[in-house]
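S.K.: Model the placement of chain S on the given structure of chain X, informed by the hints.
2 protein chains.
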Amino acid sequence: MAKPEKKLQDLKTRLLEVGDLNHINALLGWDQTTYMPPGGAEARGRQSALMARMAQEKFIDKKIGKLLDDLRSYEESLPYDSDDASLIRVSRREYERALKVPPEFIGELSEHGAMSYQAWAEARPANDFSRVRANLEKTLELSRKLADFFGDYEHIADPLIDFADYGMKASTVRALFADLRDQLVPIVRSITSQPPVDDSALHKRYPEAEQLSFGAEVVKQLGYDFSRGRIDKTHHPFMTKFSLGDVRITTRVKENYLGDCLFSNMHEAGHAMYEQGIDMSYEGMPLGGGTSAGVHESQSRLWENIVGRSRGFWEYMYPKLQAHFPEQLNSVSLDEFYPAINKVEKSLIRTEADEVTYNLHVMLRFDFEVQLLEGSLSIRDLPEAWHERFEHDFGIVPPDDKDGVLQDVHWYAGVIGGSFQGYTLGNILSAQFYNAALKVHPEIPDEMNQGKFSTLHGWLRENIYRHGSKFTAPEIIERASGSALTIEPYINYLKTKYGALYAL
Amino acid sequence: MAKPEKKLQDLKTRLLEVGDLNHINALLGWDQTTYMPPGGAEARGRQSALMARMAQEKFIDKKIGKLLDDLRSYEESLPYDSDDASLIRVSRREYERALKVPPEFIGELSEHGAMSYQAWAEARPANDFSRVRANLEKTLELSRKLADFFGDYEHIADPLIDFADYGMKASTVRALFADLRDQLVPIVRSITSQPPVDDSALHKRYPEAEQLSFGAEVVKQLGYDFSRGRIDKTHHPFMTKFSLGDVRITTRVKENYLGDCLFSNMHEAGHAMYEQGIDMSYEGMPLGGGTSAGVHESQSRLWENIVGRSRGFWEYMYPKLQAHFPEQLNSVSLDEFYPAINKVEKSLIRTEADEVTYNLHVMLRFDFEVQLLEGSLSIRDLPEAWHERFEHDFGIVPPDDKDGVLQDVHWYAGVIGGSFQGYTLGNILSAQFYNAALKVHPEIPDEMNQGKFSTLHGWLRENIYRHGSKFTAPEIIERASGSALTIEPYINYLKTKYGALYAL
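Chains as they are written, first to last, in the working numbering: chain X, 106 to 609; chain S, 106 to 609.
Heads up, some of the hints might be wrong.
Note that the list lumps identical chains together, so a pair holds whenever it fits in one copy or between two copies.
[Unchecked claim] DSSO-like, lysine-lysine: derived pairs with alpha carbons at most 30 Å apart: (1) 168 <-> 243; (2) 338 <-> 359; (3) 544 <-> 448; (4) 117 <-> 243; (5) 309 <-> 359; (6) 451 <-> 602; (7) 325 <-> 602; (8) 602 <-> 205.
Treat the hints as calculated values from the structure; they're not laboratory data.
The following block holds chain X by itself, in its conformation from the complex:
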């Protein structure tokens, strides 16, 4: 074997161990949030920290640094987009980033996250912010510490934003969000001044078992592969991966609301189809995952909203839904159902928000993350600040913390910073990518009416999924859509769709 090939093989063997340790840690997390009994929490935190620390130790091993150095000339001899050059390039970028964070810190962060999640899972139903406050203060302290390992930032949130969305920082996100806000607020104002849509059909009693079985049928139809995945119940739905052959989603069910399980499934399946579509030869490598939070979210939102809340999709799927729930829906026409699932209203819960107001929920959280990190807002004042800002942006006051500051798991299981901007970037990109697919395959909407999603799925797999993290977010956006990120397609999409549903 020639020398660089041998070194590359050595590198891959080492990276696979790191990947496996991270995937094992993901299983520890999945189990904790789906099935683990309460007595398991203490050890689980410790075990999760051990996996995180070992993965970090193995990754920042000097031998990996040496291999990456030795492979530089081999990399330069290859085309930029070859698998080998990309593996070396992306591994080096992540290696240099990882070098800055001590393994003990990673272990501490992971252990704290596991304990903090457990406290949140009890505090939220009890509507008791005081039970998580000390944890959250520690999370903020750790988040700042993490950012500070990357000295030269413009804003302390920048390194955390960059982890999730490569190439972005607080100032670029702020500017983008300001533009979007300018366009969104008049639409929201116009819609919410109109009489509310009747969505009572969604709020009948829908038994859990039937919701679960229909929810599974829907994502199977979209293209989620159950031979390499499964669905389990949890508090706060998420997608997770233990290998490219095992990409799972989780869900939750409200028996008095049909939309929660249904759209959450399509959302998480969107994430999962991205991961399931990655080139299998990237298994366990730094290339073997989605490239950024925003691009990932573009896929969950594309399948959940652009497909899953479209008229065309329900032309096909609504009779099946009615067959599943005849008592509840036989008297409800598609002309009533379609506006109900697209009802725009000022509401409390981000994950249940409609497409138009959703981004306002995200902007609120993004701004809080920035303020908490820079110290202009304290954890103590956060619940009150949430109430005030919510009233300002939505004109309603959250009745409690349960559906206010406690509603999202992110700060209670990870870090504060970089956790939310990806959702809105994803919304923006979902329309940009869908438009690009339509340009090549104008037949996609007609196929959707027939329950056929393979053309769309195929285009996404070819242009986005299979590449994993080979390209950065800016690169993949440019390659797949022919331009840099732009809000225009998204605004046009909203104006067209909601212009037909409401007088704008």
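M.R.: The following block gives chain S in isolation, referenced to the frame of chain X:
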């Protein structure tokens, strides 16, 4: 901190990492056998091997050897049964054993086990031994290799038997089994020459969901702690542990047979109550698990059979069972139900066998393990040998391999050797321990009639469970029952119980 205390703390920190790696590996296995989609198998095998190898590497670290040496005089200054002396003693014993096995071998064994399990899970329902034959040959080769790391044995099976049942070897087990067989065969002959008991009441249709809920109720009543455990479905029920706070059991359901889920649950809950009863300060240490296969099995069999198939237990529990399954059981009296659940017959499946014939199933497997290891039987000839021996011992010919050589998971997920003798040792010990408890607490049977199990549970916890692996099996048997292992109590138990059910 004084020097030995500091060294002991250092030792504990290292051992806890080893314990956590093993517990994490147990979770990988639990997930594989309960929920994992087929696509996850390949990576799971690799990940499981990684955990096994890392645990072994961390355990045989020379620093642990040095600490154990340095702590020898501290250990000798303490009473034999103190926690610290026991931790040092047991860790040293396991360390010296582990030193003999290279980590790469442990990794290979673990990876092979995961792949082999996956093949078995498909081959068994398909009744296709040929799909597992090559795997099984490799398992035999690895099992021999494992034994050979421990050079000075009398018989090649001895090291493998000793792992599971400290102090035992092929010759001692053979002698013990010969004694037991002499006593059992006449009982079996006498019973099976009588007209068969009618157990059709157990073979009505019992829907899965109701079996699962009643099965959970029963083990909760016995004392299995759901805040530190849970029950999930699998192919072949087992108990597993991810920490002393998370001890899970698994079950399976046959809708046309009430006994499978029910007695399997009590069996696995017996194992789990042992682990849940261990002193919490032993968490993650070599002391923090049951002491031997035989003692472990004594607890599963005690709760499954001595309690769970007793007349007294069902005096209390049968009305609850009837309330769960009124259609099936309201017309069946306890006088019909009790003989049905204790029906002695020559049957195909070990895990479903009655108490009397069960040991014949075990002896067959034990003899095959010994013969395979010594080379007097080949894997190729195993299915045929199974048929022949089965016909000889039971007078019936298994109609297929599915319920013959493929029925037990052990050889398909672990090693050949030492896997089965523990079941019969457990049967013997279950009666010996129960007798010892009765001597101190003659009220136990009366309490059982009232659904109270806490006195028995308390005695077992105090005399067996809490000690974990502090004492060897011979030590704990002597301490708890006042004598060495003896078959008398078990033979008396069988003669008394089955003498009342059948004319002996």
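S.K.: Are the hints correct? Go through all of them and say.
M.R.: The hints, checked one at a time:
1. 168 <-> 243: So residue 168 and residue 243 fail the 30 Å test inside a copy (34 Å) and across (34 Å) alike.
2. 338 <-> 359: both (11 Å within a copy, 25 Å between copies)
3. 544 <-> 448: So residue 544 and residue 448 pass the 30 Å test inside one copy only (29 Å; across, 72 Å).
4. 117 <-> 243: For residue 117 and residue 243, only the inter-copy Cα distance (27 Å) is at most 30 Å; the intra-copy one is 36 Å.
5. 309 <-> 359: Result: close within a single copy only, 10 Å intra versus 35 Å inter.
6. 451 <-> 602: within (18 Å within a copy, 71 Å between copies)
7. 325 <-> 602: The answer is within: 26 Å in one copy meets 30 Å, while 55 Å across copies does not.
8. 602 <-> 205: neither (46 Å within a copy, 70 Å between copies)
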